[in-house]
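Peer 1: Sequence:
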Amino acid sequence: MSLGSLPSEVICLVASYLPWYRYIFSLLRCNRMIHDAVIHAIYKQDTRTRNDVLRWLLQRGYESNIQHIISRNSLDLNIPIKPRYTLTNTPLLLAIGFGRTNIVELLLRNGAQVNIGTDISALGYAAALGDYNMSRLLLQHGAQVEIADTMRGISPLQCALARGYPNYNKSGRQSWQQSWEYKEDDEAIAVVKLLLAHGANPNFQFSFNLSTGLHNIPRGQWKSTKELFSLCLDSGADLDAQDLDGDTPLHVALGCYAFYGDLEAQTEFVRLLLASGADPNTQDSQGNTPLHIALGHQADPRIEKVPKVPKESVRLLLASGADVNLRNHKGVRPLGAKFENPDIFKLVFKPGASTRCRGKPGNKIIWKLLRTRNQMKAVKQYVINEALIALLLEQGAYEDQTIDGECPRNLSVASVAKKYPLLKDLMSKKKPVARKWELPPSSCLRVSKSKLKRRVKD
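The opening position of the sequence shown corresponds to residue 1 in UniProt numbering, with each subsequent residue numbered one higher.
Hints were generated in silico from the structure; no laboratory data involved. Note that beta-carbon positions come from the ideal geometry of N, C-alpha and C, so glycine has one too. Mixed in with the good hints there might be a few duds.
[To be verified] Here are the computed distance ranges between Cβ atoms for each label pair:
no., residue 1, residue 2, range
1, S285, F98, 36 to 46 Å
2, G142, Y62, 24 to 34 Å
3, N110, F208, 51 to 61 Å
4, F208, S64, 39 to 49 Å
5, K226, I69, 16 to 26 Å
6, Q59, N328, 24 to 34 Å
7, N203, I69, 38 to 48 Å
8, M151, Y260, 18 to 28 Å
9, L233, Q59, 14 to 24 Å
[Claimed, not checked] In silico DMTMM-like cross-links for lysine to aspartate or glutamate, where the CA-CA straight-line distance does not exceed 25 Å:
no., residue 1, residue 2
10, K311, D279
11, K193, D234
12, K226, E312
13, K330, D284
14, K223, D262
15, K223, D185
16, K226, E264
17, K226, E187
18, K223, E312
19, K226, D238
20, K193, D284
21, K223, D284
22, K311, D240
23, K223, D238
24, K226, D186
25, K226, D243
26, K193, D245
27, K226, D185
From just these sequences and the hints, can you work out the full model?
Peer 2: Laid out in structure tokens, this is it:
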């Protein structure tokens, strides 16, 4: 039986198991029928070598060459040409990533499906890149604005608001691939306007995570969120919508990953949410309120430094009626279970509270913070303590007198206080206070040898 008499499926199966291109090329030279059959095997086998010709042509925008390959071999443009674990693995997604609008239009004319179910949709990818022209082209070819990717249920609008797309091979902060460096804010906002104009719903929720548009804004690195927030609010965005973990947009905005550590953007977004009526006491699936999240930042091995507590956001929460005594499912208050009177901190944030914090009440709280020495082992509690001490000092605590008559100059407390730079600076500025049980200065203890000898004889 000759090779040419075999069914094309068998020929393709044989070709797919050939290890090197030289064997496949030898097979191609047999005859035209085998060539037409084996070319599909080459098209698929390139996914193993990552050296595929089609990807090379897509990246460089060689429209005529791509058209020749497609028309000559009747290629299926909807099959992956890169490994399955790669997010953008179809010719259409690759062309979108390379910003080749002419190639995208060519692929769509030759059978590429714009709404095919992939890890990320074509429109979602273009929106994540902030590419206005690409997004408009895809919408003209029938791209759906309410389509979600098959992995995490991220809609195109959510990708645009987050200025990125999910990276399924990583976790934590790196699980969201940022694309903000490609486009400016103006073009990225223009994409959001385009999607909303085509009927995108800011409250769209997929069963995978139930996140909305407002949940995804803190994932991006925006210079300002005022215009974005106004666009979503005018389109009917739900301020207190909860995702699969029970988090509201306020919870997400106060997380340690929000806005990539930009406290100004974070504070602005929190202020906009609270001013528009967001509930500061909504609890997530673990019973945590936004105040729990704001004061609960912990060290993460993927972060170079411990994130700071957003003090201004905490002020905004308390001014909006956040309950400092509301416990989560573990029975922990936002300020920690070890504090006897957490209401003192609510007074700190109120206007004119400095007179109430002077002297004993405020100083007693600082004393309690320092006295629990084992708190230094917990980075979370240390970060909270540092922020709260700073806030109390701003309002006048520890300014006029010692802590309940027990100045922290004994070694047991001073060793802890030195780990707080704020208290260390204050201790260095204060003059030591003599106490009844303290020894007099060394100058007063000098005794002549003659007097000492006389006393010994006596």
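Peer 1: Now look at each hint and say whether the structure bears it out.
Peer 2: Cross-check of the supplied hints:
Restraint check, S285 to F98: a C-beta distance of roughly 41 Å satisfies the suggested window 36 to 46 Å. Taking 24 to 34 Å as the suggested C-beta distance range, the pair G142 and Y62 conforms, at roughly 26 Å. Between N110 and F208, the C-beta spacing of about 32 Å breaks the proposed range 51 to 61 Å. Take F208 and S64: their Cβ atoms lie about 41 Å apart, and the range 39 to 49 Å holds.
In this structure the hint that K226 and I69 lie 16 to 26 Å apart at CB is violated, the actual value being about 48 Å. In this structure, Q59 and N328 break the distance hint of 24 to 34 Å, their C-beta atoms being roughly 50 Å apart. Evaluation of the 38 to 48 Å hint for N203 and I69 yields a pass: the beta carbon distance comes to about 43 Å. Separated by about 22 Å at the C-beta atoms, M151 and Y260 satisfy the suggested range of 18 to 28 Å.
A C-beta distance of roughly 40 Å is found between L233 and Q59, which places it outside the suggested range of 14 to 24 Å. For the suggested pair K311 and D279, the alpha carbons sit about 19 Å apart, so the restraint of at most 25 Å is met. Taking the CA atoms of K193 and D234, the gap is about 11 Å. The hint holds against a cut of 25 Å. Under the criterion of a C-alpha separation no larger than 25 Å, the hint pairing K226 with E312 is consistent with the structure, at around 18 Å.
Between K330 and D284 the alpha-carbon distance is near 13 Å, which keeps this suggested pair within the 25 Å criterion. Proposed proximity of K223 and D262 is supported: the alpha carbons are some 9 Å apart, at most 25 Å. The suggested pairing of K223 with D185 holds, with an alpha-carbon distance near 8 Å, which does not exceed 25 Å. At roughly 12 Å between alpha-carbon atoms, K226 and E264 fall within 25 Å of each other, so this suggested pair holds.
Distance check on the hinted pair: K226 and E187 sit about 15 Å apart at the alpha-carbon level, within 25 Å; holds. Between K223 and E312 the alpha-carbon distance is near 18 Å, which keeps this suggested pair within the 25 Å criterion. The straight-line distance between the Cα atoms of K226 and D238 is roughly 16 Å, inside the 25 Å bound, and the hint therefore holds. A distance of roughly 31 Å separates the Cα atoms of K193 and D284; the hinted pair therefore is violated under the 25 Å criterion.
The suggested pairing of K223 with D284 is violated, with an alpha-carbon distance near 28 Å, which exceeds 25 Å. For a cut-off of 25 Å, the pair hint linking K311 to D240 stands: about 22 Å separates their Cα positions. Restraint check for K223 and D238: satisfied, since their Cα atoms lie roughly 23 Å apart, inside the 25 Å limit. A hinted pair counts as satisfied when its Cα atoms are at most 25 Å apart, and K226 with D186 qualifies at roughly 13 Å.
For the hint pairing K226 with D243, the CA-to-CA distance comes to about 23 Å; that is within 25 Å, so the pair holds. Note on K193 and D245: the hinted pairing is violated, with a Cα-Cα distance of about 28 Å set against a maximum of 25 Å. Between the alpha carbons of K226 and D185 the distance comes to roughly 12 Å, so the proposed pair stays at or under 25 Å and holds.
The structure fails hints 3, 5, 6, 9, 20, 21 and 26 (numbered hints given earlier, in ascending order).
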